[in-house]
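K.L.:
So the chains spell out like this:
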Amino acid sequence: NAGVTQTPKFRILKIGQSMTLQCTQDMNHNYMYWYRQDPGMGLKLIYYSVGAGITDKGEVPNGYNVSRSTTEDFPLRLELAAPSQTSVYFCASSYTGTGGYEQYFGPGTRLTVT
Amino acid sequence: DAKTTQPPSMDCAEGRAANLPCNHSTISGNEYVYWYRQIHSQGPQYIIHGLKNNETNEMASLIITEDRKSSTLILPHATLRDTAVYYCIVGGGSNYKLTFGKGTLLTVNP
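Protein chains in written order, with my numbering: chain P, 1 to 114; chain W, 115 to 224.
Careful: at least some of the hints might be erroneous.
Unchecked claim - Distance ranges between label pairs, derived from CB positions: (1) P:17 x W:179: 46 to 56 Å; (2) P:114 x W:170: 30 to 40 Å; (3) W:127 x P:62: 38 to 48 Å; (4) W:131 x P:18: 44 to 54 Å; (5) P:50 x W:117: 33 to 43 Å; (6) P:26 x W:130: 37 to 47 Å; (7) P:112 x W:224: 31 to 41 Å.
Claimed, not checked - Straight-line C-alpha distance at most 25 Å; calculated SDA-like pairs for lysine to any residue: (8) P:14 x P:111; (9) P:57 x W:129; (10) P:57 x P:3; (11) W:211 x P:39; (12) W:216 x P:40; (13) W:216 x P:113.
Stated by the list, open to error - Computed list of chain P residues with no C-beta within reach of chain W, every gap over 12 Å: (14) 12; (15) 26; (16) 28; (17) 65; (18) 68; (19) 70; (20) 71; (21) 83; (22) 86; (23) 94.
Calculated from the structure, these hints are not laboratory results. All values derive from a computational prediction rather than experimental measurement. Note that the Cβ used here is the ideal one computed from N, Cα and C, for glycine as well.
Chain P extracted, bound-state conformation:
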């Protein structure tokens, strides 16, 4: 299994541009998440999904959109990029059941908006 994969690894955007961060998992997990991590800080939840066709906002959703058409894919869309969106973005997935669960993280996408 490849686990959670993210593309691209790095990206530089100009203010006002748009882009989609891709995330794919091959573990058949129902739950998927998008986090952002600013320098020296912990991770903040942007959006999450509990299954195909179901998404919900996390702590910092403004400026982002998501969709979940398949179990495997959970793309994050940035519209009208702003310098405040410069961050490292992590996608994660998890299986849920009794006894707690663990989240599996991708390697991250490092985004700079200038």
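Chain W: place on chain P using the hints.
P.N.:
Using the frame of chain P, we list chain W on its own:
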């Protein structure tokens, strides 16, 4: 979600046990204690989790106090590769969203 309190940094000598504390005094009955770590700028890595009993796996041991208000992650023989930020998180159960704080930067010294 219950909040956690961790020291911002700790040092440990290579080969010694690293004991990382975490306070979570507002934890509720169905919430788990999770530990993750983040090496340099990689994606966080799951280490261990527990509800009320102590847990051990190939990476670490988790000791949870009887009142569940605090816990300790133990890395029995720390190596240089264990240098990382360690996050103690309370959540799960019926709430699958995790809240990451700033964690503890553990530096393992030769």
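K.L.:
To test your reading of the hints: which numbers does this structure violate?
P.N.:
2, 5, 9, 23
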